[in-house]
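Trainee: Residue numbers (the numbering used here), protein chains in the order written: chain E, 1 to 296; chain V, 297 to 501; chain R, 502 to 868; chain L, 869 to 1066.
These are calculated hints, taken from the structure and not from any lab test.
From the three backbone atoms N, C-alpha and C, an ideal C-beta is built for every residue, glycine too.
Take every hint as true, because none was put in to throw you off.
The list that follows gives simulated cross-link-like pairs (lysine-lysine, DSS-like), each with its CA atoms no further than 27 Å apart:
id, chain 1, residue 1, chain 2, residue 2
1, E, Lys213, V, Lys460
2, R, Lys726, L, Lys891
3, L, Lys1040, R, Lys792
4, R, Lys786, L, Lys1029
5, R, Lys797, L, Lys956
6, E, Lys213, V, Lys454
7, E, Lys279, R, Lys696
8, R, Lys842, L, Lys958
9, L, Lys885, R, Lys794
10, L, Lys958, L, Lys913
11, L, Lys963, R, Lys726
To give a feel for the contact side, a few chain R residues facing chain E, derived at Cβ under 7 Å:
id, residue
12, Ile507
13, Ile509
14, Pro516
15, Ile621
16, Leu623
17, Ala625
18, Gln628
19, Phe695
20, Ser850
21, Ala853
Residue strings, one per chain:
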Amino acid sequence: MILLDLVLMFIIAYTFGFLYYGLYRNITARFQRRFGPPVYQSFVDSIKFFLKEDSTSHGWMFYLGPIIMMSGAVMTLFFIPLFNTGESFKGLSEYGNLFLVLYLLVLGPLGNALGVGVGGNPFGVMGVTRGLTRLFALEMPFYIAVIAIMSLSGSADITTIATEQTTMNAIIYPLLFIGALFSFIGMMGQSPFDVVGAPVEVYSGPASEFSGKFLALLMSQSAIFTFAKLVLMVDLFLGGASGFIELITKTFILFLFVIAFGSLYGRFKTPQSVDFLLKVPTIISIVGLILATWSS
Amino acid sequence: METGFLQEQRTLEGDLNSKTSHKNSVDYLMNWFRSRSIFVLAYGTGCGAIEMPPTFTSRYDAERLGIRGAATPRQADVIIVSGYCSYKTLRRIIRTYEQMSNPKYLLALGSCTINGGMYWDSYNTIKKLEDYLPVDMYVSGCMPRPESILEGFIALQKDISNGKASSWQKYEDNYEFYRKNQEAVLGKTVEPSYEADWYLYDGGL
Amino acid sequence: MENKHITIFHGPQHPGITGNMSVELDLIGETIQKATTHVGYLHRGFEKLVERRTVIQAFTIVCRICVPEPDPNEANFAMAVEELAGLEITPRASYIRVMVLELSRLAAQFLWMAGQSGSIGLYAVGQWAIADRDLILDLFEELTGARVYHMYIYPGGVRRDLPEGFLERVSKLLTYMKKRLKDYDDIFINNASFKNRAIGVGIVTKEEAINNGYVGQILRGCGIKADVRKDAPYLIYNELEFDVPTQTAGDVYARALVRRDEMDQGIHILEQVVAKMPEGEVMVKMPTHRKFKLPKDDTWVKVESARGEFAYYMAGDGTENIRRMQVRGPSLVHAFTLLEKLLVGAELSDVALIMNSLGICPPEIER
Amino acid sequence: MFNEIKNQFATNDVIIKRDDLYKVSVNYERVFSLIDFVGDSYNYKTLNAITCTDWIEDNHFAITYMLTTIDRRSTFMIQTMVSRENTKIKSLSQKFKQAEIMERDLAEMYGIDFVGNKNLKELSLENWVHTPPLRREFDTLEFVNNHLTFREGRDDNVDTKVEAKRLRAIKKAEKEALKKAKEEAEAKKIQEENQDGK
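Can you make the complete structure from the sequences, with help from the hints?
Mentor: Take a look at the structure:
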């Protein structure tokens, strides 16, 4: 039974991940005053890359990178329950708690670092260095906010946290939500924190050397990971979802917000974004933490 | 009946869908996916590059046909040789072309790639691109308008979905021929002289 | 230690490079230790080609020297030929030339805006700016028959008269542009993230700018009021009223502000030109329009392009051919002396920002 | 100013080309002191360009330095003639930083050696082994014909004047042939008529 659940979760995440990416491209296109690609375009792109031949080889370590990333994304997805009520689509969430998910969130970038390092592309290595530098700063406000939520709800279980919100955490603890949202924008690779794959600086960053099937794997990975992260944010701050429509609505609204923010701002430099993340959102998160503990 | 912009979009898409011949449905599907997703390498090799920004941005918006830019040769499907090639650029184009993964296509813009164009008596530009690299589609003009670049793309996409665009195969099969021509103008050092061996310093990473 | 250093080629195939050129960067981490510019990827040997062409044959190829903004080349070429051949153009031709030059400057500024905003990842501005530039190209197409290479400013005047109702369409476009530029201010020039990146980056000092022969926005960005249109007026610029915007900081942001103000000034000039456009012939009466014999003499003419002073040296030798034509584009010194200096100590993420702000355009460096 | 220059630098060749452009021709030995002189006394402090013209029939290069005042209102062209063979010129790169790149360009295109310029490597060309391209004796069309292949059907690789003459000759010949044929036909006709008449 659980196997069927997992397969279905994978399919849902895959479909909606790509759908969201397609919508992302379409919405930014409209913002940029143009027609934009069809909604299924991202999916077509990834399939096309699966159909390409691989002519380069940098040893098995190189190929391991995308695979570790993919498994990191899929594992993250499996440990996050899609709905907070009912029995289905819980995945493996009863076997692991929020701590495990937080660990899995960093597994992907680390795995990628291994592969890219072997590839020998200087821009790839630079992208990974940027990514890891930024990762540290991103985690800070996010961890503070998440740990605060955890201690306030008195549980590390995601389902419990999601169910126990009578009013959304985002409304009761707005500062924690804002702090976490800043790092979430970074996690989604949006401006102004999109230093990792900045094309005018480091080509496409870690993905510079990957082609064909491995690039396709990276694309699918990012689609699934995006969906998983959106669900996690909804579970933690927006009261989870009891049905399919609620889930889609909430994740999509969150996604739209991230896009809109990204379209309006230019890119920071790596030190600037680390500085910013360690100052503004971290302080917001800490203040939020203090206020929350004080008021409860 | 749709009018204005949407009508143009439908016409272009209809153009893409028309007349496909294929051996079997797997082949058909593969070619369909390949033709609907075109990643273009961001390398402006000559003056035709000035009409590429309009093609890819708001007004002409090539992305609606699945054509978008890619930053690195590893991820690109199409390299655009936009205009005349000086020897120095030709070296880089050859290097870049060989870095791309199959199947890859080459779109040549402007009359300079076809027969030398304005610079037919210039000592530093080649006159006929197809001697040095296999060309899938030529777009003539000096420089071609964004509309004609889009038309060229659609013709290329049609070729891809019919399985006709196979220049990379041609390049592999006739490598000796191309190499000979390249060496004839560029000398024995066809590839540019720099090597990315920085990571080998002090025993590597 | 050896392995701290990385030498990479930034370009020619790189999205962050302004055109087909490359910068060899010596990096420690992401900080640049040494930068070397490499050009020549676009070398066609124009200066050789014009030697074996007649004046009018050469006229058709000079506009290809600078791709984003071909008209200053045509104007320079025409002015040099007219000076050597002793021609005086009609007032209407003068006005039309100014209009074409200013429109092309405006188009080039939009192209710069797209590049500069793309260099910090503000892609929406780039998309808008290039689409708005296209509206100017539409006007060019109507006037000259071509979008990019116009071949319109003919030695002796302009190639043909304005189409009917053209001036109304120009002023309609100007009204639209004025409205539209406010949007760009909101999302780009006054955007906090652009200020964050641009202020204090790529600073040029006043003394250096004078000594090393920099031109255009680099001079004006550090407080020197230098503009060929004011200093050595050509065509009818001394009859027009306009301002030379300057800033004092000398950094990327100052240059952006100067360019932004220049767009306003350009619109102001165009409005005057549209209002004052005289009637009359557009071409000097010549026995034949296809044969010029240049005397054995030389001259040096310059025009203010969107990126600064654009100058031509031209020498005739008494035949129908040009003996020597030297192109001195604004980027020549900027791409080497200035860029190599500004990049030292900067970070990899600043390369595109600085290059776009200097407006480096490789085809005019190597011709 | 011009009198001063005429006296000090032994030249009579001072021309006012426009009200913002002056040109003076001096001997090679006096060029650099003249550049210093106009820079110090008359504010021509910015080197704008260096250019070279190949006068192959007189067997010399004309090197021209463009100097601009600080307010950029007037330009001074200082021209000097140097020999075409094994040209060696003192570099200005110590005085003007921008001269380095301008001299590098000329060195590549004309094969001139600028003594004192440390950075005279290739600029635009790569692995170029032939005559420096901007020298007059380098014929670009001949080079192209020897090194590159043209697409068939492109026939503008010919001298336009000769080609026009040839085409005109062909046209003329055709016309004459036509005329001749007509005349012959008429003559024949007349002959036939005459014969018929007989």
